[in-house]
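S.K.: Based on the provided sequences and hints, a complete structural model is requested.
Number of protein chains: 4
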Amino acid sequence: MSKKKNTYWKDRLYEIIYEADTPAGKLFDVVLLVFILASIILVMLESVRWIDDKYHNLLNIGEWIVTILFTVEYIARIITVKKPLKYIFSFYGIIDFLSTIPKYLSIIFAGTHALVALRALRLLRVFRILKLARYLGASNQLASAIKASRAKISVFLFAVIIASIIFGTLMYLIEGEENGFTNIPKSVYWCIVTLTTVGFGDIAPQTPLGQFLATLIMIMGYGIIAVPTGIVSAEYTKSANKTGNKNNGNHDDIQLNSQRCQNCLSTKHKDDAEYCYSCGHNLHIQ
Amino acid sequence: MSKKKNTYWKDRLYEIIYEADTPAGKLFDVVLLVFILASIILVMLESVRWIDDKYHNLLNIGEWIVTILFTVEYIARIITVKKPLKYIFSFYGIIDFLSTIPKYLSIIFAGTHALVALRALRLLRVFRILKLARYLGASNQLASAIKASRAKISVFLFAVIIASIIFGTLMYLIEGEENGFTNIPKSVYWCIVTLTTVGFGDIAPQTPLGQFLATLIMIMGYGIIAVPTGIVSAEYTKSANKTGNKNNGNHDDIQLNSQRCQNCLSTKHKDDAEYCYSCGHNLHIQ
Amino acid sequence: MSKKKNTYWKDRLYEIIYEADTPAGKLFDVVLLVFILASIILVMLESVRWIDDKYHNLLNIGEWIVTILFTVEYIARIITVKKPLKYIFSFYGIIDFLSTIPKYLSIIFAGTHALVALRALRLLRVFRILKLARYLGASNQLASAIKASRAKISVFLFAVIIASIIFGTLMYLIEGEENGFTNIPKSVYWCIVTLTTVGFGDIAPQTPLGQFLATLIMIMGYGIIAVPTGIVSAEYTKSANKTGNKNNGNHDDIQLNSQRCQNCLSTKHKDDAEYCYSCGHNLHIQ
Amino acid sequence: MSKKKNTYWKDRLYEIIYEADTPAGKLFDVVLLVFILASIILVMLESVRWIDDKYHNLLNIGEWIVTILFTVEYIARIITVKKPLKYIFSFYGIIDFLSTIPKYLSIIFAGTHALVALRALRLLRVFRILKLARYLGASNQLASAIKASRAKISVFLFAVIIASIIFGTLMYLIEGEENGFTNIPKSVYWCIVTLTTVGFGDIAPQTPLGQFLATLIMIMGYGIIAVPTGIVSAEYTKSANKTGNKNNGNHDDIQLNSQRCQNCLSTKHKDDAEYCYSCGHNLHIQ
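Residue numbers (the numbering used here), protein chains in the order written: chain D, 231 to 516; chain U, 231 to 516; chain E, 231 to 516; chain G, 231 to 516.
By construction, these hints were calculated from the structure, which means they are not laboratory data.
Hints are not guaranteed to be accurate.
Where chains are identical, the list cannot tell them apart; a pair therefore holds if satisfied intra-copy or between any two copies.
[Unchecked claim] In silico lysine-lysine, DSBU-like type, Cα no more than 35 angstroms apart, as pairs: (1) Lys377 / Lys312; (2) Lys468 / Lys377; (3) Lys284 / Lys240; (4) Lys313 / Lys377; (5) Lys316 / Lys240; (6) Lys240 / Lys313; (7) Lys256 / Lys377; (8) Lys468 / Lys313; (9) Lys316 / Lys377; (10) Lys284 / Lys312; (11) Lys312 / Lys240.
M.R.: What follows is the structure, encoded as structure tokens:
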């Protein structure tokens, strides 16, 4: 697994790009984060007409700088990774591609420039990057609570959607097209807007019967919000109790890092670990 | 209770239609689910004017196919069940009838066609069907938590409604007809819209005093949402603790099935049970 | 405390009106509840213009019947109670008075009729009446959870109000009168509408800076809803645990009634108790 | 640290202004609170046009009284504190300055008067003042629960913001300028309005695809509110359990006061403490 000579720079680059436990890796992630944010701010500014009118050239140059840097990063990722195809068709691989290509396309095809906005999806990488920091403890516990209650929340959301379809259809029958409930899909849309207590008010029931049914939907929506909350609450209490039994301090964030042992694949090494806690493999020399 | 020869095909059909533990039963439920969804999508598409204008004939044919299949299913259900009248006047029996009949009525009476939308109610059957799948564990625990807190949530909703009537009446006195609070029922409706934090904005207080009272209602609504949430949360923690004490794994879904012993009527048999755990009756040979 | 002869009918009437454990007392409460509901429905119907135009005389007669019955009840309450003044100036005494008097006033003074709507406040008596029923267990536990977290919720609501004043003022400075934020009180009102996630939309920020601040307010409002919920949840879990340790059944509603021993003033007697569990005093013969 | 003679009045004044455990200190805080509230009400009234038109002179006099009193207080705070610069550049020091200066500025520069509204920030001092009262127990436990879940809530809010940027961008691509989504920042603003279930309705999706995506955002917003709630709930249960183990009464508010030992800087002394629990330094003689 480690031909030290030839592939040394590749391994080194891999460590910088894909891991974040070395100073260089951390720096790379921070710089990447800054550029992702910059690229998103650029896209945002461009979408504001008067800013685009005034600073079009400046924004365009910025766009190209970001695009070229993203291209370089994309190529580097492909070269260093052991299984390039797996990366290319992975979730992040596709996002990386989609956020780089529109600028090039915009030279050839007009009108595709708006797709640059897809770059916002790169923000998701923030999770991977920030995971390394002190939030890890928090989000891990959080993730396990959400994971444990996923099935239950699915059932819940499913029930919400079915209720919305049924009540939306009833509202369509009651209110009809003249009161803004022009068709069933729109009526279902209104029902979800109401059930989730968003309440835009672009469509609102006008007939007394419709308002009465709307009242039922609202109270239902107000009441059943308790369900997902109760689920996550309970799961979280459970998982917090488990952790709490092991170590009782308030600051139970042991600094774990995102490194994966290349020998036994075990993760969650302590931040200052030199050797894998599980198999004794040296974590830094590959 | 089991005349094996004559009624064999009936029993077999019964098992397919009403139970879901045999492969055939599962297949039937999945196919039924697909047709229910298809029928609802048809109704939705029909309600969108431009789609109906364009594809009226196609949608009409689809409607008839679905209606005939539902009719066949309805008749099969009546034939195979032991007590047909009980099924016919059961909750699902009425829904099944209501979702089949409007299409036939629409030949004779014009204008009754819109009632086809009642078919959306058939979606409720999804709960019965999906109960069998892996969600069972989740929804059972959920159901018991909701059941345990039903009385408390009733008290809560009751309080919400009384508060809405009182505040709605006060708002009517304060704001009056000129600001949209045309009568007390409408004012109560507005109050529920506000208390549940939906806030359509089709009616909004204009006088300073009305806005002040609205402020109170909103803060009250914002604060008391904690009550149902707290209740379900606590009940759920309690019921989760109970389960947690028995088996500590994360995947505590013992696969129970939806079969009912025809001898002693006990339910919740394990998935691989051959005999009723309660009376020893053979579950598969009826 | 018990001169059996003279005051027997008074005691009897007292038991009927103020308690609800005898069949007569229960009947009285149910009848009262029906009349309260009827009176409120009357007021509501009257407020709907077209109904009032059509059935004015009928509604007026209904009003008078309800008013006279309420008057009789009010007088009976004063006569039978030991300390009439205490009742008259009690919370319910004032409400009872306010819901009876407007109809009489409307003969003398025009325009006071609208105050009949104050009768909605009588609905609060529902709590006292329904307390007797099976909801008691639920609402008692609920009440103690809310009571225990009252101070904490006060702090929370206080913080919400202060945040609203501060942010409302800032929004007034940022948006100004031309965008609907005409003065600080209105701006604070808008801020509460936003913070509680009601969002009427009658006023909405128009400037980018205002929208940015609104974003902060909304996210804050969305996040801090967790605080009261968490508080009530925890208190409720605590109080549920206490009860749970004593009796572990799901249906832990022992039927307690609202009677108070006239000897030792202890409450929460079991529904079938003949003698006070604390001092042995006969509960029914006074 | 204590030259008793010369600086006696300073120490005394310090105790009155900065601490709240002596009667004089309590009185000062209450009076200050009253003046802060009065000053805010003045600012509010001034912002209402018709009130300002009618009572301009009265309000102006009130303003000057409050401003002069605040100036005196500000100077007193600077004189008595040991490190004036630290106070001046502290959070409260800056707020105190900002809420005093605008009135003076308004003599010289026109148009700066509106900044008087910044005085609302002084309301934050309420927390410091009320902390002393019986709410202490409540807010301490609350604060520790929020503190413990701060990291987790940050992760959550972070996720909300990222989701808003991504979905906002998608909505901009789908709906476009003609439906009110004029640029990406506005679109992100709309997305936060929707995700937090506020739903102003000033902008609302018009296209079916936009409405579908909006539906997803709403259900997501409705579902993920469970996350912060669950977190605070669990943390609060945990911290309540800890306290509950030590003393089981309902009123577990040990009266701690806001005094800080001038020797070892330890806080949270019991209300009746004469000597620092940590270093034995006399708390009252400085």
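S.K.: So, for every hint listed, does it hold in this structure?
M.R.: We went through each hint and held it up to the structure:
For the identical chains of this complex, Lys377 and Lys312 are intra-copy neighbours only, at 30 angstroms inside a copy versus 43 angstroms across copies, given an alpha-carbon limit of 35 angstroms. Taking identical chains as interchangeable, the C-alpha atoms of Lys468 and Lys377 lie at most 35 angstroms apart whether they share a chain (13 angstroms) or sit on different chains (20 angstroms). In this assembly of identical chains, the alpha carbons of Lys284 and Lys240 never lie at most 35 angstroms apart, being 44 angstroms within a copy and 59 angstroms across copies at closest. In this assembly of identical chains, the alpha carbons of Lys313 and Lys377 lie at most 35 angstroms apart only when taken from the same copy (29 angstroms versus 43 angstroms across copies).
Only within a single protomer do Lys316 and Lys240 lie at most 35 angstroms apart by alpha-carbon distance; the minimum there is 17 angstroms, versus 53 angstroms between protomers. In this assembly of identical chains, Lys240 and Lys313 lie within 35 angstroms of each other by CA distance solely inside one copy; the values are 13 angstroms within and 57 angstroms between copies. Taking the closest pair of Cα atoms, Lys256 and Lys377 come within 35 angstroms of each other both inside a single copy (28 angstroms) and across two copies (27 angstroms). Taking the closest pair of Cα atoms, Lys468 and Lys313 never come within 35 angstroms of each other, the shortest separation being 39 angstroms inside a single copy and 45 angstroms across copies.
Taking the shortest alpha-carbon separations for Lys316 and Lys377, only the intra-copy value of 25 angstroms comes in at or below 35 angstroms, while the best inter-copy value is 41 angstroms. In this homomeric assembly, Lys284 and Lys312 never come within 35 angstroms of each other (Cα to Cα): the closest approach is 46 angstroms inside a single copy and 53 angstroms across copies. For a Cα distance limit of 35 angstroms, the shortest separation of Lys312 from Lys240 inside one copy, 10 angstroms, qualifies, whereas the shortest one across copies, 60 angstroms, does not.
Of the numbered hints given earlier, the model fails hints 3, 8 and 10; all others are met.
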